[in-house]
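Undergrad: Protein sequences, first through last, are from chains A and B.
Numbering of the first sequence is given in my numbering, commencing with residue 1 and proceeding in unit increments.
Numbering of the second sequence is given in my numbering, commencing with residue 1 and proceeding in unit increments.
Think of the hints as simulated: they come from the structure by calculation, not from any bench.
A couple of the hints might just be wrong.
As the list claims (entries may be wrong) - A few chain B residues facing chain A, derived, Cβ under 7 angstroms: (1) H224; (2) S256; (3) R265; (4) I266; (5) I276; (6) S317; (7) R351; (8) G355; (9) I377; (10) H382; (11) T385.
Note that the structure is a prediction, hence the values are computed from the model and not measured.
Even glycine gets a Cβ: it sits at the ideal position worked out from N, Cα and C.
Each chain, letter by letter, is given below.
There are 2 protein chains.
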Amino acid sequence: MTTGHATANGARVIADLNELRAIGAYKSGVHKPTFSPEHMQSLAWLLRKLPDAGLSGTIDGIGNLIGTGETAGPRMLAGSHLESQSHAGWLDGPLGVVYALEAARIINNDPNISGSVEVAAWCDEEGHFGSLLGSRSYVGDVAEAEIDAARDRSNGRAMRDALRDVGLAGLPRASVERGRYLGYLEAHIEQGDTLETRGLKIGVVTSIVGIWQYRITFTGAQNHAGTTRMATRKDAGLALAHFCVAIDQRFPDFASVRTVWTTGRITLDPGAPSIIPGSAEMLFQIRDDDPDVVVRLESLLQAMAKEATAAGPCAVSIECIRVGVPAPMDAGIQDAVEGAAEVHAPSRSLRMHSGAGHDAQILARVMPAGMLFVPSIGGISHHWTENTSDEDIALGATVFVEACRRVLTATC
Amino acid sequence: MTTGHATANGARVIADLNELRAIGAYKSGVHKPTFSPEHMQSLAWLLRKLPDAGLSGTIDGIGNLIGTGETAGPRMLAGSHLESQSHAGWLDGPLGVVYALEAARIINNDPNISGSVEVAAWCDEEGHFGSLLGSRSYVGDVAEAEIDAARDRSNGRAMRDALRDVGLAGLPRASVERGRYLGYLEAHIEQGDTLETRGLKIGVVTSIVGIWQYRITFTGAQNHAGTTRMATRKDAGLALAHFCVAIDQRFPDFASVRTVWTTGRITLDPGAPSIIPGSAEMLFQIRDDDPDVVVRLESLLQAMAKEATAAGPCAVSIECIRVGVPAPMDAGIQDAVEGAAEVHAPSRSLRMHSGAGHDAQILARVMPAGMLFVPSIGGISHHWTENTSDEDIALGATVFVEACRRVLTATC
């Protein structure tokens, strides 16, 4: 079955992605932190490519690259990001940008389609300086003071200094023109193994989870590890370990099938081999697309802290340090992606949520937004071995272009 | 009952301890790290006091202060240390030095006793630069290369630079003259609450525990905390928590009543809130005075690691990074201390092991050695609130002097 329209050029998409991989190559992946020379060279690469799609681009005062055109008629915005996590994969970000570029090249040059696709590369999606700073700036959610305060997490360098050094200081920041777009579509590697395990090719994203974060603190009594009898200890580290195990045992009964939770950091104080820790802290994260589930889990956590404190010998306290905002994806765009998948990968798509954060969750605040996933080999991500087969990359591009066409022509 | 001999002057002992507390005072404790101006001033204080006991002292090339006399006849060596843990208590170290000074003042000036007491302040017992460096140097267990490599744990400063700055570079290091002493006696605060809880006044130390240390490593798979389903995770941090809890549950059945064990440090790698830890490590310590017990516990640990690895999803490996050497105290000296306690604190002494390390465990390699404990209020140590009542300090001094007399005159 064909659509009667030009489709994505898979070979060109793969060639483009390999050109981007060559900029800042690290093993089979890349290393291009935000505002690194390799990141800026990748933006320059995109600027050179945009005219092929009838677009011209500029980089704004926070590092967003937006490529716009003069074509009248309905417009879609599509994109992702070009900087990478440190020493990480080649597709996390560039895949979505190159798909957007390909959609613009195909659709903007197709005389049978009256609409057009414009292309965005959002800055710092990977959070070297902040949290989704580029797309948040575009929707008007980043004050100058936030940029003043932002520093590179890896070396403490001020974002203002970084912006100055790459020549962006003082430039205006692009902001969304309400009503310009029918919607926003972003493609991404899945970063999990759901598609691969089931032999599927396209994920139709229904929502992006919210991230809730908690600082859980255990207070005992610091003492000498040699002279303090076991029976009289108030070991905050041991209390923490018991709490982690209790979460592992009790959360499944209260979580949804989609909920994930993680203890990513543990600190014992003072952290010396001969001292019983007097206090301990863990950073604990819950992700879900349903706030009601998290409310339930948060109540459970608080009850567990109360029980543990009452049982002793350490006090447990829980502080919520980040409240999640799940972002449902637009129903019409979901239908467009699913319809496109039915044409090019019949019965091999799946409606699924995104466990990772993406710029689409920010864009969803100001326009209908959607996402399309392609399979990740082994579910690996944020590592230089991250990969997707060429066939799946090409198929994803074809579905992406068709989904954009469907949104623009309202044939969902 | 009296002994017919001059006894310790409790008021003088307490006054001396307060003079030392005034040097480097921190809240109600002190802050005098090894080779700090306050540590060196404390050594200078002792040098000025020694002539009252018929002794003259010198500071050697590693910072040990040894006060010796010209008196013939049997000799005892007594002492402890004058530097402190950072921002810690006033008695940990100085108590033993001032008791030794008091014993020398009383006994060396007593015409009825033919023997004498000599006084030592061992350098760096608290391990700012190494492990019991001063006393180990005195028994011939510190090579020049160890000093070359030693650095201040808190700031990385080379020990050679510190020695040069306090004027000790190039000085010879004192070493034990075999046969000079009948034995070594060291007094210390208990640093636990055993004496206080039982209403006792004197601990007769039977042995100093050995310290065994292990690096326990958990290997899982680092992955994205949002996109990796709970069922497929290999969370090394969670495996570590389960292992800590298992130790807590299973160790008591295999330990002796004296065994203590501590997890003092935990590290998750990479330690970021949104990343499932791919590996995790804990520093685990066991202290006991019976190596057979530790052999049993080490087998248990290895069996537990094997079980956990087999059960999955993470591999657990155990590396012994320090082997303990328990030091039994000399039976004759134990009898002397107990006999002295029976005179001055009848039925209020207890034979007990030391859970903390002390210079006496090093001196025990070259001469009969013993220790005497006085109660610690609330069992608190290595903290500026560390304290012992004036009455207990004075009583301890009296028992200490009498114990030295008994060793010298062989009336145990």
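Undergrad: Next step is simple, just say for each hint if it's right about the structure.
TA: Structure-based check of each hint:
1. Annotation: interface hint on H224/B holds; nearest CB of chain A at approximately 5 angstroms, less than 7 angstroms.
2. Violation of the interface hint for S256/B is found here, the shortest Cβ-Cβ separation to chain A being roughly 11 angstroms, above the 7 angstroms cut-off.
3. Checking R265/B against chain A by beta carbon gives a least distance of about 5 angstroms; that is within 7 angstroms, so the hint holds.
4. Checking I266/B against chain A by beta carbon gives a least distance of about 5 angstroms; that is within 7 angstroms, so the hint holds.
5. About 6 angstroms separates the beta-carbon of I276/B from the nearest beta-carbon of chain A, less than 7 angstroms, and the hint is met.
6. A least Cβ separation of about 18 angstroms between S317/B and chain A goes past the 7 angstroms threshold, and the interface hint is therefore violated.
7. Checking R351/B against chain A: minimum C-beta separation of about 16 angstroms lies over 7 angstroms; hint violated.
8. Taken as an interface hint, G355/B checks out: its beta carbon lies about 4 angstroms from the nearest beta carbon of chain A, inside 7 angstroms.
9. Against a cut-off of 7 angstroms between C-beta atoms, the interface hint on I377/B is violated, since the closest Cβ of chain A lies about 13 angstroms away.
10. Using the Cβ-Cβ criterion of 7 angstroms, the hint placing H382/B at the interface with chain A is satisfied: the shortest such distance is roughly 6 angstroms.
11. Taking 7 angstroms as the C-beta contact cut-off toward chain A, the hint placing T385/B at the interface is violated, the least distance being around 11 angstroms.
Hint check: violations occur at hints 2, 6, 7, 9, 11; the rest are consistent with the structure.
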